[in-house]
Amino acid sequence: MPNLFILTLQLAVVLAACRVVGWLFQRIGQPKVVGEMFAGIALGPSLLGWIAPHASAYLFPPSSLGFLNALSQVGVVVFMFLVGLGINPGELKKEGHAAVLTSHVSITAPFVLAAFLSLYLYPRLSDDRVHFTSFALFMGAAMSITAFPVLARILDERNMLRSRLGTVAIACAAVDDVTGWCILAYIVVLIRSAHSAHSIWLTIGGILVFGLAMIHGVRRLLRGFESVYRKKGAISENLMALMLLLVLASSLFTEYLGIHLLFGAFLMGAIMPKEAKFVRYVLDRFETITVTLLLPLFFAFTGLRTNIAAVKGPEMWMYCGLIILVATLGKLGGSTLASWLSGMPLREAAGLGTLMNTRGLMELVILNIGLDIGVISPALFSMMVMMALFTTFMTTPVLSLICPREMLERGKIEAERLAPAVSLREGEGAAA
Amino acid sequence: MSSTNKRFVVAYILLVGLPLAGLAGVLKSGRHLSAPISIDGTWKVEANASASSDACLKAASSLLASNLVISQSGKTLSLNFNSGAKTPFSGALEGRDINASLGAASECANDQAVTLAASVDPKSDPKSLSGTLSVDNCPSCSPVAFHAVRQPKPAQSGGGH
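Chains as they are written, first to last, in the numbering used here: chain A, 1 to 432; chain B, 1 to 161.
Looking at chain A on its own, in the form it has when it is part of the complex (with noise of 0.2 angstroms):
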């Protein structure tokens, strides 16, 4: 049985906690969600551990840990619908080449860059437990990455959502999100089936049939509620509830198959109806306490797991600082490059290859991923964590250095291009 004064207490710090620092972070101009990141490390090992043990120990304790966790996990189940649910890869066809190269590429530099590194990684934080394909191509995923809700948060507080680069950057980031997402099922399938009796085909073959079902069976099914909003401009709690019974039921599903509840979640929410008044209801009704409670106890769980300790010497922080160089100059680089080549302005080219560059919360949830399936060790995993805020927290300084203001108002398009993923933008819960 959980502590239920011990539970209370940590929902209550941890809720403080995040608002105070995400309000303070967007006083300097970060999306508050940024700041969120920000208080679960410093709730964590890597702050209140190291000048508050002892508070940090009652608050904390390690028997409390799994219903945190439990929490923190329904949350993500949920954020990962709703993540589902704002992409839109279709709208990468409406962008033409330019895009499909752009975020083909956003994806294959880091993941080869990535690779590579793992060449010089592997032997020194990785164990032989672990094989280096799982590894490189774990590491691949981790970097290749595009967080985006965050983006759209970020694209919306500049009021670039309905520029040329916000269309682009956001089809881009959807088909980026997706792509990663089907590497680390791939990942996901390799590690556990090592462990497993039953044949990776088995389990290969499984998701597959699963995922045709969804894509040609149930997506037809889900039509149905949009046609009920469009009828009553409401859905009611009963069809509400049902489609949150679809969602757990999808998670179950790639679970029992030996995926994860993430990727049932996450391909439920791809395969919804895109038409944005619904999305955008349907959004409104998820996000309030998935963003504002929820999401903030998987911040903490994160950063109770993340122990900036672990990184220790100048031969590790020198691991660090290649990671961070290596993921910025793979995506930020190459998106740049691609979009580039493509006939896009420099300086234009540049601020996608920024906001591409941007990790957040999408790369919290697959390294806890990568954590929990042991294909990465603690302090690679505490590695990667400053990689994803580094690179999420430089977003916005580079993007206002890149790309003024003004410069951006001449790239605007017309308002009816608004996708369903730039529904997104309205909620506070987008920011995560």
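Heads up, a few of these hints could be off.
Stated by the list, open to error - List of simulated lysine-lysine pairs, BS3-like, C-alpha gap at most 30 angstroms:
#	chain 1	residue 1	chain 2	residue 2
1	B	K75	B	K44
2	B	K127	B	K153
3	A	K232	A	K277
4	B	K58	B	K127
5	A	K274	B	K44
6	A	K312	B	K44
7	A	K312	B	K6
8	B	K6	B	K75
9	B	K28	B	K44
10	B	K127	A	K274
11	B	K44	B	K127
12	B	K127	B	K75
Said to hold, decoys possible - Here are some chain A residues the structure puts well away from chain B; computed CB gaps all over 10 angstroms:
#	residue
13	V74
14	W201
15	R285
Worth flagging that the hints you see were computed from the coordinates, not collected in a lab. From the three backbone atoms N, C-alpha and C, an ideal C-beta is built for every residue, glycine too.
Model the placement of chain B on the given structure of chain A, informed by the hints.
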């Protein structure tokens, strides 16, 4: 095919196709790399009792009454005993040898450091390690020998068909 499409195809091959070929090469060459042996996890410890009257060694050897938890990042180790000891041993793995030291224990004098040296037997299944716990600068302290066996990891949630 229009010239725009041709340019797109060329750019796509150069910027996406070639790097992917490079990735295949990296994955192939990386298969030959070896990483340090895996020793992370919980180890059940069995130790001889210490006959020493030295407070530092007594405190150190009392640690051996509980499980040893090793957190590994490549060659870098953090060793903790489930005894409630606040400060973990930090150490390194060289081949099969573990060397770790505990910074400052309250029972020890300033010049006394607790050192753990052990060797992993990689052939045993489950893995086991044997070693000693000793106190530096303590002529009367004879090292305490111990033996530990790695405990199976708790089953991961999910993936359970």
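Here is how each hint holds up against the structure:
For the suggested pair B:K75 and B:K44, the alpha carbons sit about 21 angstroms apart, so the restraint of at most 30 angstroms is met. Distance check on the hinted pair: B:K127 and B:K153 sit about 12 angstroms apart at the alpha-carbon level, within 30 angstroms; holds. Between the alpha carbons of A:K232 and A:K277 the distance comes to roughly 13 angstroms, so the proposed pair stays at or under 30 angstroms and holds. Under the criterion of a C-alpha separation no larger than 30 angstroms, the hint pairing B:K58 with B:K127 is consistent with the structure, at around 27 angstroms.
With a C-alpha separation of about 55 angstroms, the suggested pairing of A:K274 with B:K44 is violated against the 30 angstroms cut-off. Our distance criterion of 30 angstroms between C-alpha atoms is met by A:K312 and B:K44, whose separation comes to about 27 angstroms. Under the criterion of a C-alpha separation no larger than 30 angstroms, the hint pairing A:K312 with B:K6 is inconsistent with the structure, at around 51 angstroms. Under the criterion of a C-alpha separation no larger than 30 angstroms, the hint pairing B:K6 with B:K75 is inconsistent with the structure, at around 50 angstroms.
The straight-line distance between the Cα atoms of B:K28 and B:K44 is roughly 38 angstroms, outside the 30 angstroms bound, and the hint therefore fails. Between B:K127 and A:K274, the direct Cα distance comes to roughly 53 angstroms. Violation of the 30 angstroms bound is thereby established for this hinted pair. The hinted pair formed by B:K44 and B:K127 meets the criterion: a straight-line CA distance of about 11 angstroms does not exceed 30 angstroms. Restraint check for B:K127 and B:K75: the C-alpha separation of about 17 angstroms stays at or below 30 angstroms, so the hint holds.
No Cβ of chain B comes within 10 angstroms of the Cβ of A:V74; the nearest lies about 14 angstroms off, and the non-interface call holds. Taking the minimum C-beta to C-beta distance to chain B, about 13 angstroms, the non-interface status of A:W201 holds against the 10 angstroms cut. No beta-carbon of chain B is positioned within 10 angstroms of the beta-carbon of A:R285; the least distance is around 28 angstroms.
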